[in-house]
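Visitor: Turn these sequences into a full structure, and let the hints steer you where they fit.
Residue numbers (the working numbering), protein chains in the order written: chain A, 1 to 265; chain B, 1001 to 1265.
If you're looking for bench data, these hints aren't it; they were derived computationally from the structure.
Glycine included, C-beta positions come from ideal geometry on N, C-alpha and C.
Heads up, some of the hints might be wrong.
[Said to hold, decoys possible] Here are some chain A residues pointing at chain B (derived, C-beta under 10 Å): (1) Asp-38; (2) Ser-122; (3) Gly-127; (4) Ala-135; (5) Val-136; (6) Ala-158; (7) Met-160; (8) Gln-200; (9) Ile-232; (10) Gly-236; (11) Arg-237; (12) Thr-238; (13) Leu-241; (14) Asn-242.
[Unchecked claim] Far from chain A, by Cβ distances over 12 Å, these chain B residues were calculated: (15) Ala-1018; (16) Ala-1045; (17) Pro-1050; (18) Arg-1064; (19) Leu-1065; (20) Arg-1071; (21) Glu-1101; (22) Val-1106; (23) Ser-1147; (24) Phe-1168; (25) Arg-1170; (26) Pro-1206; (27) Gly-1213.
2 protein chains.
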Amino acid sequence: MSGATSVERIRLLQTRRARDQTGTFYADGVRFLVAAVDAGAPIEAVVVAPRLLKSAVGQMLARRLRMRGVREIRVGADELERLSPSREPQGVGIVVRQRWESLATVAAAHAACWLAIEEVRSPGNLGTLLRTTEAVGASGLVALSRSVDPFDPGAIRATMGALFTRRFARGSPAELSAWARRHEVVVVGASADAAIDYRQVSYARPVVLVLGGERKGMSPAARRACDVVVRIPMVGRTDSLNLAVAGSVLLYEVWSQRHPPGGLT
Amino acid sequence: MSGATSVERIRLLQTRRARDQTGTFYADGVRFLVAAVDAGAPIEAVVVAPRLLKSAVGQMLARRLRMRGVREIRVGADELERLSPSREPQGVGIVVRQRWESLATVAAAHAACWLAIEEVRSPGNLGTLLRTTEAVGASGLVALSRSVDPFDPGAIRATMGALFTRRFARGSPAELSAWARRHEVVVVGASADAAIDYRQVSYARPVVLVLGGERKGMSPAARRACDVVVRIPMVGRTDSLNLAVAGSVLLYEVWSQRHPPGGLT
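Guide: Okay, here's the thing in structure tokens:
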């Protein structure tokens, strides 16, 4: 594969189709390179624009990857910018293999916390949620439909690097329900019209939080998978929160109950 | 002022300069029209594209505003779309006067909660935060620098309409500090390197939460204005949360302490 062809193929990773076909994604910038190496992510190639790569850490990591046998693709500054439009290109990017697990084979660890999402219109919201799942030490994401794509460039950007430590599983709401029963995981859905305050549920057991989409909320199938549906109280005329905010408030409630303030954290 | 000129002037409200010069902003869509009318917002003009305006509520509100003497500007569908690029134009938009208060004249009501922000790079984050302030019944926003513009189109969009009920004040960190002392408002800053867990502070008294920016956090001047600086705990390698998420988690903690679960809310 010639250099030019490689670059064109990587550029295509901006599309869902190419990401699905290759099972990879592209992330650019030193922050993502560092996070990927730290997490032992399956990096398939490193793209380097020598003229732009000023970061000493970036240079060192790119060199180490090359020595480990990871393919390095050298490009010009303008070629790199075409791969991923960025205001401040840092001269390095990586092609990484997507790691998906089947829900059937996922074990639910002690005190696990998963986030299941049915639909996301804004990739930024999805990436922001992944960032929060890392902050609270949650396990990862269950994508309840094909429309949920954590490797969309907008989602990747919003994670700020918090995606290489995440676990990703796919399954239908029915599969989620079966998995949760088998592993004694409590399925907690979120809906603005629920009767139960999200703070009135105990999150001591392993839990999976289920979010619908920005517009329609959970589908009937997702609701059926839930052991309990909670609402985040809102006052005034507000009828909804930003999806990433709602999910993050729930994730912090789970974390907070498990790590009371003043305790040894 | 001819119709064409009006449209051009409204289009310019996408720029900060024109918003500052006129003291107005433009919001489009039926949701924003409804929210503005409900909140008694100072609507200066209604822009209607009759061919696109299918909503019966939208038509009725536009008519009522016209009868109350609000200027109506009729435009073609393509003209309306030039005012505010939208995937699903709904045929109506409004020009609204910005209402800013001087911090010196703001009274701090019983159980008030304000959000003060020093800098925002993403207008979407600012709009999302305004949406959460409405959800928890907080008073509004204190802009600690000129760079904080809640009437940026991206911010407006992210509020989903939750901006007409908000109060907006401007002031420097020093003015915030003086105001807080005068009204016995506790100033609580947020920083990833603070020692105190955000849940260990009592938010029973009137409070103003201070956020820095996405990148640099609070400036020294803002830190000096704070009575206490708290952190939101994070595990693993995460060193920060999305700004809108961090602010929203804090706003919900304030709300949550004031409205314990199971109580009469």
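Visitor: Now look at each hint and say whether the structure bears it out.
Guide: Consistency of the hints with the structure:
Among the interface hints, the one on Asp-38 of chain A holds; its C-beta lies about 7 Å from the nearest C-beta in chain B, closer than the 10 Å criterion. Annotation: interface hint on Ser-122 of chain A holds; nearest CB of chain B at approximately 9 Å, less than 10 Å. Checking Gly-127 of chain A against chain B by beta carbon gives a least distance of about 9 Å; that is within 10 Å, so the hint holds. Here the hint on Ala-135 of chain A is kept, as its CB sits about 4 Å from the closest CB of chain B, short of 10 Å.
Given hint, Val-136 of chain A at the interface with chain B, holds; its Cβ is 7 Å from that chain's nearest Cβ, closer than 10 Å. Restraint check, Ala-158 of chain A versus chain B: the minimum CB separation of about 7 Å is within 10 Å; hint holds. A least Cβ separation of about 7 Å between Met-160 of chain A and chain B falls short of the 10 Å threshold, and the interface hint therefore holds. A hinted interface residue such as Gln-200 of chain A counts as satisfied when its beta carbon comes closer than 10 Å to some beta carbon of chain B; here the least separation is about 5 Å, so the hint holds.
Here the hint on Ile-232 of chain A is kept, as its CB sits about 8 Å from the closest CB of chain B, short of 10 Å. Checking Gly-236 of chain A against chain B by beta carbon gives a least distance of about 6 Å; that is within 10 Å, so the hint holds. Because the closest C-beta pair between Arg-237 of chain A and chain B is about 7 Å apart, less than 10 Å, the hint holds. Taking 10 Å as the C-beta contact cut-off toward chain B, the hint placing Thr-238 of chain A at the interface holds, the least distance being around 4 Å.
A cut of 10 Å between beta carbons decides the hint on Leu-241 of chain A: the least distance to chain B is about 6 Å, and the hint holds. The closest approach between the C-beta of Asn-242 of chain A and any C-beta of chain B is roughly 5 Å, which is under the 10 Å cut-off, so the hint is satisfied. The claim that Ala-1018 of chain B is not at the interface with chain A holds, since no C-beta of that chain comes within 12 Å of its own (minimum 24 Å). Listed as outside the interface, Ala-1045 of chain B is consistent with that label: its C-beta sits roughly 23 Å from the nearest C-beta of chain A, beyond the 12 Å cut-off.
At roughly 27 Å, the least C-beta separation between Pro-1050 of chain B and chain A is larger than 12 Å, which holds for a residue marked as non-interface. Every CB of chain A lies more than 12 Å from the CB of Arg-1064 of chain B, the least distance being 19 Å, so the non-interface label holds. In this structure Leu-1065 of chain B is separated from chain A by more than 12 Å, as the shortest Cβ-Cβ distance comes to about 19 Å. With a cut of 12 Å on Cβ distances, Arg-1071 of chain B stays outside the contact zone with chain A, its closest approach being about 26 Å.
In this structure Glu-1101 of chain B is separated from chain A by more than 12 Å, as the shortest Cβ-Cβ distance comes to about 19 Å. For Val-1106 of chain B, the shortest C-beta to C-beta distance to chain A comes to about 19 Å, beyond the 12 Å cut-off, and the non-interface label holds. For Ser-1147 of chain B, the condition that its CB be more than 12 Å from all CB atoms of chain A holds, with the nearest at approximately 17 Å. The claim that Phe-1168 of chain B is not at the interface with chain A holds, since no C-beta of that chain comes within 12 Å of its own (minimum 17 Å).
Residue placement check: Arg-1170 of chain B keeps its beta carbon more than 12 Å from all beta carbons of chain A (closest about 23 Å). Even its closest Cβ contact with chain A, about 17 Å, leaves Pro-1206 of chain B beyond 12 Å, as expected for a residue assigned away from the interface. At the 12 Å boundary, the C-beta of Gly-1213 of chain B stays outside the reach of chain A, the nearest C-beta of that chain being 14 Å off.
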